[in-house]
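Student: Given the structure of chain G, go ahead and fit chain C onto it with the hints provided.
There are 2 protein chains.
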Amino acid sequence: MQTENLNEKTDKVVSERVIRRLPRYYRFLGDIMLSGMERISSRELSEMMGLTASQIRQDLNCFGGFGQQGYGYNVRALHREIGLILGQDAPEKAVLIGVGNLGAAVSMYMETHTRGMELCSVFDSDPQKWGKRIGGLTIRSMPDDFVKVCKELSPSVAVLCVPKDAAKQMVPFLIENGIRGILNFSHYDVALDYPKLKVENVHISDSIMTLRYKMSEK
Amino acid sequence: MQTENLNEKTDKVVSERVIRRLPRYYRFLGDIMLSGMERISSRELSEMMGLTASQIRQDLNCFGGFGQQGYGYNVRALHREIGLILGQDAPEKAVLIGVGNLGAAVSMYMETHTRGMELCSVFDSDPQKWGKRIGGLTIRSMPDDFVKVCKELSPSVAVLCVPKDAAKQMVPFLIENGIRGILNFSHYDVALDYPKLKVENVHISDSIMTLRYKMSEK
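Sequence lines, in order, name chains G and C.
Residue 5 is where the first sequence starts when you use our numbering, and the numbers rise one by one after that.
Residue 5 is where the second sequence starts when you use our numbering, and the numbers rise one by one after that.
Any given hint could turn out to be false.
Where chains are identical, the list cannot tell them apart; a pair therefore holds if satisfied intra-copy or between any two copies.
[Claimed, not checked] Pairs of lysine to aspartate or glutamate, EDC-like flavour, derived with a Cα cap of 20 Å:
1) 222 with 96
2) 136 with 63
3) 155 with 42
4) 218 with 197
5) 155 with 48
6) 155 with 122
7) 97 with 115
8) 136 with 197
9) 136 with 35
10) 200 with 93
11) 172 with 35
12) 152 with 221
13) 168 with 35
14) 222 with 20
15) 152 with 20
16) 97 with 20
17) 136 with 180
18) 152 with 180
19) 218 with 93
By construction, these hints were calculated from the structure, which means they are not laboratory data.
Extracted from the complex, chain G is given alone in its bound form (with noise of 0.2 Å):
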């Protein structure tokens, strides 16, 4: 019988994919832990978010397993392993650059909604906006203000929500001062030109093409 192995984290190299899935599993587990479920196999958990059984339990076993044969997974557990490898238990800290609509409704959310990352500073270019509040935090100044911070914090992620241009331009800069990962909604294809650095895009102009593309499909 396979035993419970919590802590035993296999070394391997997991996939980008299977990394892609694992906050898809964690918003599951925990919405199954606040409807009661103590336990679930992996059938059920299949079933409830359209994979098979066979890749979840390929998907889990990546992170060395969780679940006892026959018994399912103990739902919690699951959703508290899943939450500490995605380093729920361990924010990063993180910058905002460029508060226009989208900066600033990135900003209202990642204070509210978002553990793993803790957002301690966001900062504009346009001095109009130095010095103004957007939710618990004030627009700083870009690039003074922001060399300060970086030196008293040290946050590691910047958000960009600033132009293509104005982003190919910073991320030097951004580099220079112990950034080490990017959450991209701009359209500049930050990855290509600093492999080396940790990119995750938010594209959604792009999302709005594919689905636009997709409404033509039969």
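Tutor: Same frame as chain G, but now just chain C:
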């Protein structure tokens, strides 16, 4: 010699992964066009985009070629054709529901940055918001005005910027009123319950979690 066959689209089913790359081709080709370059080889394009040349040839072949061997691609023609494939010339009518911070930002974004979708109305269920302006649009009532607008304008796409439970409750009503596609910013997995709807998810919190995970990788 392979000839240009700009309009002979093949009927074969195009994989989701190829479709997801098209908006990126479109963006890059738009920039290349602006830079004044008239022709580009698959090798040059591959270097700019971080794909292999054979990948690019394979992708573009799905839609019937566009290239002329040894001469490369005509940038303007390729950009135009991909734009046509993506429906940029024939926008779908869209409505946005849920004008919170994120909804407001997405609304402003869609009004100014988007072709292929035309945002024609925004809705909220909070009476305090009715009648207020967001960009060039007036916030209208959900569900009353929504029914009227659907009769009048027949929008096909709904942009969902409401919380998960509200989204779940709302989707059958949207379908009744003619909505066939969802740009889904909510945490509700619409596509699971309604496999016939065209759905494109923008899960910002999943992107944040994925980036958080990557930050811990060696």
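Student: Now look at each hint and say whether the structure bears it out.
Tutor: Each hint tested on the structure:
Proximity of residue 222 to residue 96 under the C-alpha cut-off of 20 Å is restricted to the inter-copy arrangement: shortest distance 15 Å between copies versus 44 Å within a copy. When the C-alpha separation of residue 136 and residue 63 is checked against a cutoff of 20 Å, the pair qualifies neither within a copy, at 45 Å, nor between copies, at 47 Å. With identical chains, the CA atoms of residue 155 and residue 42 are never at most 20 Å apart, being 45 Å at best within one copy and 46 Å at best between copies. Taking the shortest Cα distances, residue 218 and residue 197 sit within 20 Å of each other only across copies (18 Å), while inside one copy they are farther apart (31 Å).
In this assembly of identical chains, the alpha carbons of residue 155 and residue 48 never lie at most 20 Å apart, being 49 Å within a copy and 40 Å across copies at closest. For a Cα distance limit of 20 Å, the shortest separation of residue 155 from residue 122 inside one copy, 17 Å, qualifies, whereas the shortest one across copies, 45 Å, does not. Taking the shortest Cα distances, residue 97 and residue 115 sit within 20 Å of each other inside one copy (12 Å), while across copies they are farther apart (32 Å). Taking the shortest Cα distances, residue 136 and residue 197 never come within 20 Å of each other, neither inside one copy (33 Å) nor across copies (43 Å).
Proximity of residue 136 and residue 35 under a CA criterion of 20 Å is satisfied in neither setting, with 37 Å inside one chain copy and 34 Å between copies. Taking the shortest Cα distances, residue 200 and residue 93 never come within 20 Å of each other, neither inside one copy (25 Å) nor across copies (38 Å). Proximity of residue 172 to residue 35 under the C-alpha cut-off of 20 Å is restricted to the inter-copy arrangement: shortest distance 14 Å between copies versus 39 Å within a copy. For the homomeric pair residue 152 and residue 221, neither the shortest alpha-carbon distance inside one copy (52 Å) nor that between copies (27 Å) is at most 20 Å.
For the identical chains of this complex, residue 168 and residue 35 are inter-copy neighbours only, at 11 Å across copies versus 37 Å inside a copy, given an alpha-carbon limit of 20 Å. Proximity of residue 222 and residue 20 under a CA criterion of 20 Å is satisfied inter-copy only: 14 Å between copies versus 30 Å inside one chain copy. Taking the shortest alpha-carbon separations for residue 152 and residue 20, neither the intra-copy value of 35 Å nor the inter-copy value of 45 Å comes in at or below 20 Å. Taking CA atoms no more than 20 Å apart as the test, residue 97 paired with residue 20 passes in neither setting, with 23 Å inside one copy and 35 Å between copies.
Taking the shortest alpha-carbon separations for residue 136 and residue 180, neither the intra-copy value of 27 Å nor the inter-copy value of 44 Å comes in at or below 20 Å. For the identical chains of this complex, residue 152 and residue 180 are intra-copy neighbours only, at 13 Å inside a copy versus 55 Å across copies, given an alpha-carbon limit of 20 Å. In this homomeric assembly, residue 218 and residue 93 come within 20 Å of each other (Cα to Cα) only across copies, at 15 Å, whereas the closest approach inside a single copy is 38 Å.
Going through the hint list in order, the structure does not satisfy hints 2, 3, 5, 8, 9, 10, 12, 15, 16 and 17.
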